[in-house]
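Chains A and B, in that order, give the protein sequences.
The first sequence runs 2 to 235 under the working numbering.
The second sequence runs 6 to 456 under the working numbering.
Be aware that one or more of the hints could be misleading.
As the list claims (entries may be wrong) - Straight-line C-alpha distance at most 27 Å; calculated BS3-like pairs for lysine-lysine: (1) B:K332 / A:K200; (2) A:K222 / B:K332; (3) A:K207 / B:K362; (4) A:K226 / A:K160.
The hints are simulated quantities; they were obtained by calculation from the structure and are not laboratory data.
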Amino acid sequence: MPSKYNQRKSLSSLGLFAILICVNFGCVPTPSAVDVLTPRFTTLHEFFMPTSPSQTYSWKLSGTDTLIYSETISMSGKVSASGLSPIWAMSRVGTKLYDSVANEVFISDSVVQIFDGNSASVSVSSQRLLSDTLRVGATWTGSPRFITRSGAEVSIAAKVEDYYSSFDNTYSDVFLVSYSPSVIGSRVPAEGEYQSGSKINRYFAKGVGMILEIVKDATGKIIFKKELTETRIN
Amino acid sequence: MTEERILDFLDGNLHSSEEEELMHRLAVSPEQRGLLKQHLQMRELTSALAKQQFVTVPKALTASLFTTLAASGYTGPQMPATIKESVVATQTAGTGFKAPIATQSVSPIFQRRSLVLSALLLAFISGSVVTYFTVGTTDQYNIAQLNSTPATASKVQSARTINEMITVPSSSESIMGNTKANISTRSITLDKPKNLHRIQEVVSNENSFPLSSSTAPTLLSQPRVAEIASRPLRTLEPVPSSDIHGDREPIRSPFLQPDYQSADTRSTLERLNFGFHFGEGKAPGNEQALTGSLRELSVSYDLSELFSARMSIGQFLPYETQAVAAKQSVNSDGLALFQLSPVLKSRAVIGAGIGMKFSISGSPLEIDGGMIADFQGNILPRGGLFTSLILTDFLTMNIGIEALIYSHDIRPSISAIQTSSSGGHSLLIGTSKNKEMTGYIGPSIEFTGHF
């Protein structure tokens, strides 16, 4: 049997060890430990299609109605009526003719603005897809007065709803931006996505651009969905 | 009777009529006036003493005084139990009169419970640390124990040297002339336990202690010095343990090993150790404070006095970051949400390693290094630094710091949760990463049994 001296010292050391264990138990992580502040980005051009003057980019999207869209962007060399430059020409070609449209886009670090037609025209409508700093909670006016193809006038409010660090483990740094149109004229738009109460949710991924678009009506029902399926650089 | 009246008068306890009567007596009695003068002088003296130096009266002395007073029939107030220290004024010279003039009770230090607990905790930790580095020194081993357990010295890395001053006889021998006194010391060096190998008796140590005949007139005479110097070296007989400790068990450090037999002389069975190991800790540099723990049964074999081999089997429980469903399972578009969160895993492991023993300040230490395998293709390195404490002759407690660090891939769990999202999209909230460093560094304890 050990002497009392030994027992006392041994128990003291054992007690010290117990304290160390208790201290360590305080290190057990909690779910809140993984919560982090969402980041913010000021280089907005990274969240639209990659742009290079010498290359053409082709983005293929598939919709819920099995329509296939091919979006191509290339340098146009134009200057918009409001003086924005450079302007890129973006064409969308679908399996149905009426889905083929031509847009022009101004892309910079602070603004990504898409024109519904010729940007050099003063009367052309445009939407500001991204503006200022991209962060959760950021809001801006997408368009104070946007004329739909059916001739209706709507205003569009934009808001960054959420941030995801990964989308399908394929895309990183994804922002969900929600666009909410409001009819400001007497004519009710024929397009469901521009009727009051509807919502257009677009997911923008860093280095890629828009990867998913979900349009819902005022009741929350999905009208259509388009998602990026293929990217190609020509 | 008159002296009592005088004291009452000095204390201001007499009525006016009594004072008149006392003054009348003093006026007609030179003897009583002298008595009054004495008391006045005594009061002046005590008042002066109160302004002089203060000395600390030991608590034991105060207690002894009260004990003596109680034995003499004193029934007054008892010694306060909470008094830690009393300060009284005393006169150190002169009449030898000592009287308590002013007593200042120092308030107990530990009055608040929180303060007491904090102090106890702090003292406990600091005491344990101090104990660790001080108790295990070789100084607590004495000749008797070395002799009674001869193999002890082989465990002690350095030879022990005991210096003891020769008791100089207080005879009337005087140092001749103004020569310097020679203070002799005996230095006993023990290299091996059984034969107290080299014993030196250093008698003459010139210039070691300069004394003049005027300052040290009664130490050693020159013939006495010459006699001691001429002594041949002799071997000291070991002192039996009982002569020093009586029937008490000799004190020994809990850090020293109970079995001091050389490993070379031990049988195979005696070299085997069986233990239960438990360790846990925190992964360094991990902001998510991931932790892990390891518990295992082990068997080790002392290959030599320095090295030992070890095998183990047990359970490893690390916190590993994995993709799990978020509290809010879907977002506003119905897409599945998941997040990375630490998940406690449980893995059966087997391990193997090598230990190397060494000693610092007499405390045995052991560095362990090895690996464990988790039957899933992962081999995890581990290492630790331990010291040993004796619990019984057959049971030892090893405590120390252990580290088990590795990196693991998070992507498989992310892919798995995407597969489980039934073909829909999945979104990761929070920070994304593909790998993480996890494991733990922390305290570890092991109870080892041996034959």
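Outcome of the hint check:
no.	hint	result
1	B:K332 / A:K200	holds (25 Å)
2	A:K222 / B:K332	holds (24 Å)
3	A:K207 / B:K362	violated (56 Å)
4	A:K226 / A:K160	holds (19 Å)
Checked against the numbered hints listed earlier, the structure breaks hint 3 alone; every other hint is satisfied.
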